Amino acid sequence: MAFESLADKLQNVFKNLRGKGRLTEADVKTALKEVKMALLEADVSFKVVKQFISSVQERAVGQDVLTSLTPGQMVIKIVNEELVKLMGSETTEIALKPQNEITVIMMIGLQGAGKTTTTAKLAGKFKAKGRNPMLAACDIYRPAAIKQLQVNGEKVGVPVFSMGENNSPVNIAKAAVEHAKKEGCNLVFLDTAGRLQIDEAMMEELVQIKEAVHVDQTVLVVDAMTGQDAVNVAGSFNDKIGVDGVILTKLDGDTRGGAALSIRSVTGRPILYVGMGEKLSDLEQFYPDRMASRILGMGDILSLIEKA
Amino acid sequence: TKTRENIVSGMDSIFSGFSAIDEDFYEELEETLIMGDMGIQTTMSVLEELKKAVKEQHIKDPSQCRQVLIDSIRKKMDLGENAYEFEHRKSVVLVIGVNGVGKTTSIGKLADQLKSDGKRVILAAADTFRAAAIEQLSEWADRAGVDLIAQKEGSDPAAVIYDAIAAAKSRNADVLICDTAGRLHNKKNLMEELKKINRIIDKEYPEAYRETLVVLDGTTGQNALVQARQFMEAAPITGIILTKLDGTAKGGIAVAIQSELGIPVKYVGVGEKIDDLQKFSSGDFVNALFQSDTRNKGE
Ligand SMILES: Nc1nc2c(ncn2[C@@H]2O[C@H](COP(=O)(O)OP(=O)(O)OP(=O)(O)O)[C@@H](O)[C@H]2O)c(=O)[nH]1
Ligand SMILES: Nc1nc2c(ncn2[C@@H]2O[C@H](COP(=O)(O)OP(=O)(O)OP(=O)(O)O)[C@@H](O)[C@H]2O)c(=O)[nH]1
Ligand SMILES: [Mg+2]
Ligand SMILES: [Mg+2]
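Residue numbers (the numbering used here), protein chains in the order written: chain A, 482 to 789; chain B, 1111 to 1409.
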């Protein structure tokens, strides 16, 4: 659908160009207007799109129009390569300390992004890999947040540490790590409350947690359906708290997921995993190249290009 | 109650920063609207209208464009006369939407408002799927001081609705508000479940006034339009609750949704507290679209 329209539009732009020699600046400009629209429709941040288009423009101008490729595909090929480059070219795993030390992972993000669910997913995943994880209930605000974590913990067979709603998240985090030591757990996930990046007091709370316990990995959880605001959110969380990696949730929907590109370009941090459903096994590896095709909305044309 | 501050000043800066209505001016407006998640199509059509008005009314000054633009978007966001009719009738409010958008929280807030207006409200915990969803709604029912009809986690949501309707009738409730599990609009079986819930309400409680609200996260981009379209096929959508507008996102996709699908925004969520739900004001909304840094934390 969306893929046809972008590909078709590009073919139209270049209708009479085949075999003409080289792509001129004007040719490329017209074509990239279509690409720009596609990226904006995919929710890539306006500013990121602008930068991206100008770097593609530079690369595409003067390219030989190969006889094996239509000029449209040539542009798509360059666009795709640049997109993949921006997305990070390889998959990244979350970094854990050796088994005999405790790794602390703090999960942060906006309200409803999927932190609590993803926390349980990750714990289940690492438990299956032979780790001994524990979940810590640091959300004292959302009604039934603790219960939600407990239910999910039980489902993946991972213990949940909680101190109710009357202790500060900072104290809970500290006590949780102590408790993990005693219990011989070597992986602690801090499930924090959702918060807005402009909420100073709540952001300060995360800073304090980081001061109180040694957090090894801070993971930002982001809803894949996020629109233009993704740059503000990711940028602020990264500046104020420091983000080591990102997890995109709800990619089992049909969003194009342009936020992935915005987040990546504004933080420079890798996307580690993607949430593909509500079940606690629905966590997958992140593949930058697949994400790039998805954002452009053209899964199949890439294989076409590869064959050409 | 909270208000959106600095609205006028933020808006003025765009319109007073230009001395002429030229390509740069239009480009700046385009950028602003797209960055507010209004989407390309709606942005283009709004700007076309503006250009037309500029020509026809011989507008020369960028600052004059301001009111034209506000009026044109506001007109698109018209609520219609009977937007809040359900508040005065015996009604069933069905609340649906994708995961994590703020359905349960908005229901708690709405219940509180209705209760304060002297209505007898019952909540139905028809999200039997998500971990601790029932406990979460139950906490909101307590806060608002209204009744809750719930079964065990994992039970049939349709059965909960059935129970809740019976309770609404026997307790002579004014408004029955039904919470449902978050579901992505592209999941066939979950959308079928929603259709079933909708049918049960129609069949078991035909005399009730129907209100079906889709909750949209204001942070959501272009996918929100697809969501609204798909949910329309499962139930007769009568309005939108646009949440999380206390953040920096503008929720501009609501303009596209209303222009294309005719579904009006009826409420906005501006925080996590019980009184952080407001009736929609197109004026505030449009002004905030042009505001460079939406902050309404605190006051
Ligand atoms: N379809 C889908 N739903 C998801 C995914 N991840 C999380 N969810 C759902 O999204 C909703 C919100 O998830 P939570 O884990 O409660 O989100 P949170 O970030 O902890 O929310 P707060 O603590 O309120 O800020 C729930 O309905 C989850 O089931 C995913 O990858 N796909
Ligand atoms: N800042 C802010 N947060 C909100 C608003 N509305 C809801 N939230 C938060 O968003 C998160 C998700 O809200 P829920 O009410 O659980 O959302 P839901 O749609 O019922 O989620 P599922 O049932 O899991 O699909 C919670 O942390 C809420 O406190 C709002 O208007 N502003
Ligand atoms: Mg949570
Ligand atoms: Mg809910």
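To be clear, the hints were calculated from the coordinates, so they are not data collected in a lab.
Be aware that a few hints might be false.
Dumping the calculated EDC-like pairs for lysine to aspartate or glutamate here, alpha-carbon to alpha-carbon at most 20 angstroms [said to hold, decoys possible]:
no., chain 1, residue 1, chain 2, residue 2
1, B, LYS1383, A, GLU646
2, A, LYS628, B, GLU1191
3, A, LYS514, B, GLU1195
4, A, LYS517, B, GLU1141
5, B, LYS1262, A, ASP735
6, A, LYS510, B, GLU1245
7, A, LYS514, B, GLU1141
8, B, LYS1262, B, GLU1245
9, A, LYS531, B, ASP1134
10, A, LYS636, A, ASP735
11, A, LYS528, B, ASP1134
12, A, LYS514, B, GLU1138
13, A, LYS760, B, GLU1263
14, B, LYS1298, A, GLU635
Quick look at which bits of chain A chain B covers, simulated, 3 or more residues with Cβ under 8 angstroms [stated by the list, open to error]:
no., region
15, 669-679
16, 685-694
In this text the structure is predicted, and so the values were computed from the model without any measurement.
Here a beta-carbon is modelled for each residue, glycine too, at the ideal position from N, C-alpha and C.
Tested hints:
1. LYS1383/B / GLU646/A: 16 angstroms, holds
2. LYS628/A / GLU1191/B: The given pair, whose Cα atoms are some 42 angstroms apart, is violated under the 20 angstroms limit.
3. LYS514/A / GLU1195/B: 46 angstroms, violated
4. LYS517/A / GLU1141/B: 13 angstroms, holds
5. LYS1262/B / ASP735/A: 31 angstroms, violated
6. LYS510/A / GLU1245/B: Given that 20 angstroms is the threshold and the Cα spacing comes to 56 angstroms, the pair is violated.
7. LYS514/A / GLU1141/B: 15 angstroms, holds
8. LYS1262/B / GLU1245/B: 10 angstroms, holds
9. LYS531/A / ASP1134/B: Holds, because 15 angstroms separates the two Cα atoms, which is no more than 20 angstroms.
10. LYS636/A / ASP735/A: 27 angstroms, violated
11. LYS528/A / ASP1134/B: With Cα atoms ~16 angstroms apart, LYS528/A and ASP1134/B stay inside 20 angstroms; holds.
12. LYS514/A / GLU1138/B: Holds, at roughly 17 angstroms.
13. LYS760/A / GLU1263/B: Status holds; Cα separation ~15 angstroms.
14. LYS1298/B / GLU635/A: With a Cα-Cα distance of about 28 angstroms, the restraint between LYS1298/B and GLU635/A is violated, given a limit of 20 angstroms.
15. 669-679: holds (count 3)
16. 685-694: violated (count 0)
Checked against the numbered hints given earlier, this structure breaks hints 2, 3, 5, 6, 10, 14, 16; the rest are met.
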